Structure formats: C-alpha cells, structure tokens
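Order-wise, the sequence lines are chains A and B. Mapped onto the working numbering, the consecutive letters of the first sequence carry residue numbers 179 to 463. Mapped onto the working numbering, the consecutive letters of the second sequence carry residue numbers 153 to 206.
Think of the hints as simulated: they come from the structure by calculation, not from any bench. Note that the coordinates shown come from a computational prediction; the quantities given were computed from them, not determined experimentally. Even for Gly, the Cβ is constructed at its ideal location relative to N, Cα and C. There could be a bad hint or two in this list.
In the BS3-like style, the derived pairs of lysine-lysine whose C-alpha atoms are separated by at most 30 Å in a straight line are [what the hints assert, rightly or not]: (1) Lys166/B to Lys208/A; (2) Lys403/A to Lys350/A; (3) Lys243/A to Lys350/A; (4) Lys208/A to Lys403/A; (5) Lys155/B to Lys193/A; (6) Lys243/A to Lys208/A; (7) Lys331/A to Lys350/A; (8) Lys166/B to Lys193/A; (9) Lys208/A to Lys155/B; (10) Lys331/A to Lys193/A; (11) Lys208/A to Lys193/A; (12) Lys166/B to Lys155/B.
Not the full set, but computed from the structure, chain A residues with beta-carbon under 8 Å of chain B [stated by the list, open to error]: (13) Ser186; (14) His235; (15) Leu267; (16) Val308; (17) Ser310; (18) Thr429; (19) Glu431.
Sample of chain A residues with no beta-carbon within 12 Å of chain B, all distances over it, derived [claimed, not checked]: (20) Asn234; (21) Cys262; (22) Ser290; (23) Gly382; (24) Val390.
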Amino acid sequence: MRLGLLCSIIRTEEKLILQALRNRGVEFEKIDDRQLALDLHSSTFPWDVVLERAVNHARALHTLKIFNDRGLPTINRWEVANVCGDKVLTTNALERAGVPTPRTIVAYTPDSALAAIESMGYPVVLKPAVGSWGRLIARANDRHAAEALLEHKQILGSYHHSIFYIQEYVEKAGRDIRAFVVGDQTISAIYRMSDHWITNTARGATTANCPVTDELNAICIAAAKAVGGGVLAVDVFESEHGLQVNEVNYTMEFRNSIDVTGVPIHERIVDYTLSVGQAAITAAR
Amino acid sequence: MPKCLECDAEITLKADVETGEIIDCPDCGTEFEVRSVDPPTLDHAPQEEEDWGE
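The following block holds chain B by itself, in its conformation from the complex (with noise of 0.2 Å):
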C-alpha cells in the first residue's frame, strides 16, 4: 500500500484504478499521479497549466 509522500499516510488504492489517475491523500488531501499500478507508486501530482481544459 503507498503512502502519502506529504503526511506519512496510508493510501488505498481503488480496484479500478488507472496509472495516470489523480487520487487525493484521504488525511492532507494533497493529489498524487498514479505512475504504476503494480507495483503501486505515486508521484506528486502534476501543477495544472495554462493551456488545461477541454
């Protein structure tokens, strides 16, 4: 199970989860990538730019 890079905490990740996905740290609510689902590993979620949207 990874842990969250800011508070230490424990992160659960769903059944469906996708490597890119935005997840949010259950304790600090700090984002994080998914970069790997197995083995499970997070980054720091990426700043949002000014060219974002849809």
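So that you can see chain A by itself, here it is in the shape it has in the complex (with noise of 0.2 Å):
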C-alpha cells in the first residue's frame, strides 16, 4: 500500500504521523499542496490512500473532492471536510441528526442579524462560518457591541463575513471538552480549561484527561456520524441543559492531548487509515 500524506507547513501533529508511518515501515509520500498541480482530465495516482493533514480548508477541500470523485480514498472524505470547515453546515448536520447543539440563528444582513440577536437575547457568540483556532470569535454582551460587531464584519470583511452565524452564550465553568473520534470510537478527551471565554488551546487553554462516559461518547459518535464520519475532534459544552456539541474539526490538532490521555492518537489514526486504504484495495480486486 502506498499512502499520500496531505500537508503544507509540518506542525507537531503531521511530525508524529511521519513517525508513526516511518516506524511502521508504511511505504508513504508527502504531498505539498503548495506544488501540487492537479490535471482534471486525469484520474490516476500514485496512492492507494491519503491522509489530509492540510492546514489550508480551501487547498484540502478542493484535493479531497478531486480525488474522490476519481475513486482516491481519502481520511477524512470531502463530504466530510465540507460539512466540518463550515460551521453553518455543521450546525445544520448536527440540527438535523437530532444531536444537541446549542441556539443557532444564521442572517445575512446586518438587520436582519441584529434581529435576531435581539430576540435570542444578550450575551451571544458570532463567529465566521469558515474559520478555526477561535480566530475572530466574538461575544457581544449587549446591543451596542452587536451593533459595532455587524457593521465591521460587514465593512472591513469579505463576502462571507456577511454570513452572521449567531450562536447563543453558553456558561460553560471555564472549560469544554474536545474528544477524539476515530471510526465509531471516541478514542480519548480532554477538558480544555481557561479564565477566558474562549477555550481553545491555540489561544491558551491548558488540558486535563477526560473520562470518555458512555453519555460522552454516545453523543461524539452521534456528531461524528452526523457530519460522515472518520477522523474527528468534536467539542463539547457541559451545558445547563446537558452535553451539546459546538463544533467538529476534520483536521485535528492534539499535541497536548496525547500526554494527558495516555492515547497516542497519532498511531490511531494511522491504523484507520491503513485500514481504510486496506479496504479499498480488497474492493478493486
């Protein structure tokens, strides 16, 4: 089996599979999506399988669906990506599978955004449909910030900063939880704990372990199959209401997931997707 690694810039993560594929002895490629050029009139490959580990959505979401529609199997699917790299999409998949999420409204004017911001009630989250690492996520505590928030999104943003994904607030005690889906198991979890709103580790939250409970992983294998599954972070609110899923990431970080787990997920995922390349070279025989 040959085996495509997707990427651009090696964070720790790509590093790790590097040496889960090297110790493993897997015959594998790195693909630079920066030299990449993809022939639409062609539809061989070098590869049985890839792995994305893109830090681009857009790059990973156009290779994806190229491949696929040529039969490439990839980790995760395009489908996948699509519906993960937008939070819209997400909400929708997530809404529509019955898993608890929190309030969502989507508007497309600053109106009729407003609108809806008065008639959820203060405080709410806007955040940019396609974006990651809490970038630009803001919480408007009142009408006065709302209204300040829409006009600059509107003004200073592109076209889709237009699209206002308002979300209500939920109190969340300092910390989430992200757990790692690989296939139908949710793998390990973590609790990501900080003094700020914001508890994503790319902004400074510090990590503990995470039991991974049944109710846990009932509803991280509910999201994941929700959006199509396969390789998935998913993160969690301890909501006054009960567990509900905020979002779900197709290109996982989890550098400071493996210690405090015990969990090399790294390795996980590598057998996935060896399993997955596996499977589709039986199917072609």
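Two independent chains are provided; combine them into the complex using the hints.
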C-alpha cells in the first residue's frame, strides 16, 4: 500500500504521524499542496489512500473533492471536510441528526442579524462560518457591541463575513471538552480550561484528561456520524441542559492531548488510514 | 548550520527535524520553515491565512 500525506507546513501532529509511518515501514509520500498541480482530465494517482493534514481549508476541500471523485479514498472524505469546514453546515447537520447543539441563527444582513440577536437575548457569540483556532470569534454582551461587530464584519470583511452565524452563549464554567473520534470509537477526550470564555488550546487553554463516559461517547459518535464520520475532534459543552456539541473538526490538532490522556492519537489515525486503504485495495480486486 | 535570515544567529536543527517544519530563531524569535533538511535550508515561515486551522 502506498499512502499519501496531504500537507504543507508540518505541525507537531504531522511530525508524529510521519514518525509513526516510518516506524511501521509504511510506504508513503508527502504531498505538499503548494507544489500540487492537479490535472482535472486525469484519473490516476500514485497512492492507494490519502491522509489529509493540510492547514489550508480551501486547498484541502478542493483536493479531497478531486481525489474522491476519481476513486481515491481519503481521510477524511470531501463531504466531511465540506460540512466540518463550515460552521453553518456543521450545526445544520448536527441539528438535523438530533444531536444537541447550542441554539444558532443564520442571517445575511446586519439588520436581520441584529433582530435575531435581540430575539435570542444577550450575550451571544458571533463566529465566522469558516475559521478555526478561535480566530475572529466575538462575544456581544449588549446591543451596542452587537451593532459595532456587525458593522465591522460587513465593512471590513469579505463576503463570507456577512454570513452571520449567531450562537447562544453557553456558560461553560471555564472549560469545555474536546473528544477524539476515530471510526466508531471515541478514543480519548480532554478538558480545555481557561479563565477566558474562549477555550481553544490555540488561545492558551490548559488541558487535563477527561474520562470518556458512555454519555460522552454516545454524543460524540452521533456527532461524528452526523457529519459523515472518519477521524474527527468533537468539541462539547457541559451546559445546564446537558452535553451539547459545539463544533466538529476534520483535520484535528492533538499535540496537547497525548500526554494527558496516554492515548497515542497519531497511531490510531495511522491505524484507521491503513484500514481504509486496505479495504479499498481489497474492494478493487 | 543554517543562520537566521533576520539576525544572523546560528540555528541548530534537531536530529528529527522535518522538511516543512516551522522553527523559531532562538535569538530573535523569527519563525522559519525548514525547506530542506540536507542541506539545511530555511525560508521565512508562511503567514497565517484566513482559512488556516483544523
């Protein structure tokens, strides 16, 4: 089996995956998306399976679509990346599948967004539909802040910043849960703790092991299934209404989650990728 | 041993460094991407883009 690792810059996660591939003697190739030139009139690739670890969402999305449409299996599939890469589509998928998620309204103009915010009540959280690492997430505590944020988004942002994703603010008592799903199993989870209301580790949150209870496993598997399944990080709030899924990430970062959980997440990702590749090879025979 | 493109400090690459890895200059903190391991070659790290993430 020949495995392709789609990437550009190498983060700690990619480095761990590369080490795991080498330790196992897997035949693989790094596919740097900055050097790719994909011929849409060709359908042959030198890989049996591709593990997507690109840091650019747009490049990953297009490349996965081109690969999948030509029969090349990828982790994750294009459909999964498409849903998880857009918070509107993610929340929509979760809601349609009956997975508890914070109340969310989508609006397209500052006036309609402000009306929606007022109907929801303060505080609210405004998020870019496409974005990560807590970037440009804003909490509006009152009408004045909401008006300013909406105006700034409309005037300073590109068109997709006028897709206003408005989420109820969930009081999470200084922490949320990030759970890692590989296939049909929640392999580990961490608490992400911060004095700040944003609890992304990219924003400085600290981590601790979170036991994977039956309840947590069930909601994470349901969330993963709702977005199409694969290798996913599910962000979960412990709200007063019970567990709620906030987001699902399809190129998950886990560097801060191996030591605290004792679970070698990179090894599980490689296991899963090889199993998908082997299944594709067997099916083709 | 490569040198920092900003402050000229010598940068020691770890034995397990990967092509594409982002490293910091120990003196001035500038981020570089390892463009080649052998010979060791550095270039300025790419700037974070709006769709970067996980």
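Going through the hints against the structure:
{"no.": "1", "hint": "Lys166/B to Lys208/A", "verdict": "holds (20 Å)"}
{"no.": "2", "hint": "Lys403/A to Lys350/A", "verdict": "holds (25 Å)"}
{"no.": "3", "hint": "Lys243/A to Lys350/A", "verdict": "violated (36 Å)"}
{"no.": "4", "hint": "Lys208/A to Lys403/A", "verdict": "holds (29 Å)"}
{"no.": "5", "hint": "Lys155/B to Lys193/A", "verdict": "holds (23 Å)"}
{"no.": "6", "hint": "Lys243/A to Lys208/A", "verdict": "holds (19 Å)"}
{"no.": "7", "hint": "Lys331/A to Lys350/A", "verdict": "holds (26 Å)"}
{"no.": "8", "hint": "Lys166/B to Lys193/A", "verdict": "holds (13 Å)"}
{"no.": "9", "hint": "Lys208/A to Lys155/B", "verdict": "holds (26 Å)"}
{"no.": "10", "hint": "Lys331/A to Lys193/A", "verdict": "violated (36 Å)"}
{"no.": "11", "hint": "Lys208/A to Lys193/A", "verdict": "holds (11 Å)"}
{"no.": "12", "hint": "Lys166/B to Lys155/B", "verdict": "holds (14 Å)"}
{"no.": "13", "hint": "Ser186", "verdict": "holds (7 Å)"}
{"no.": "14", "hint": "His235", "verdict": "holds (4 Å)"}
{"no.": "15", "hint": "Leu267", "verdict": "violated (15 Å)"}
{"no.": "16", "hint": "Val308", "verdict": "holds (6 Å)"}
{"no.": "17", "hint": "Ser310", "verdict": "holds (2 Å)"}
{"no.": "18", "hint": "Thr429", "verdict": "holds (5 Å)"}
{"no.": "19", "hint": "Glu431", "verdict": "holds (5 Å)"}
{"no.": "20", "hint": "Asn234", "verdict": "violated (6 Å)"}
{"no.": "21", "hint": "Cys262", "verdict": "violated (9 Å)"}
{"no.": "22", "hint": "Ser290", "verdict": "holds (24 Å)"}
{"no.": "23", "hint": "Gly382", "verdict": "holds (16 Å)"}
{"no.": "24", "hint": "Val390", "verdict": "holds (20 Å)"}
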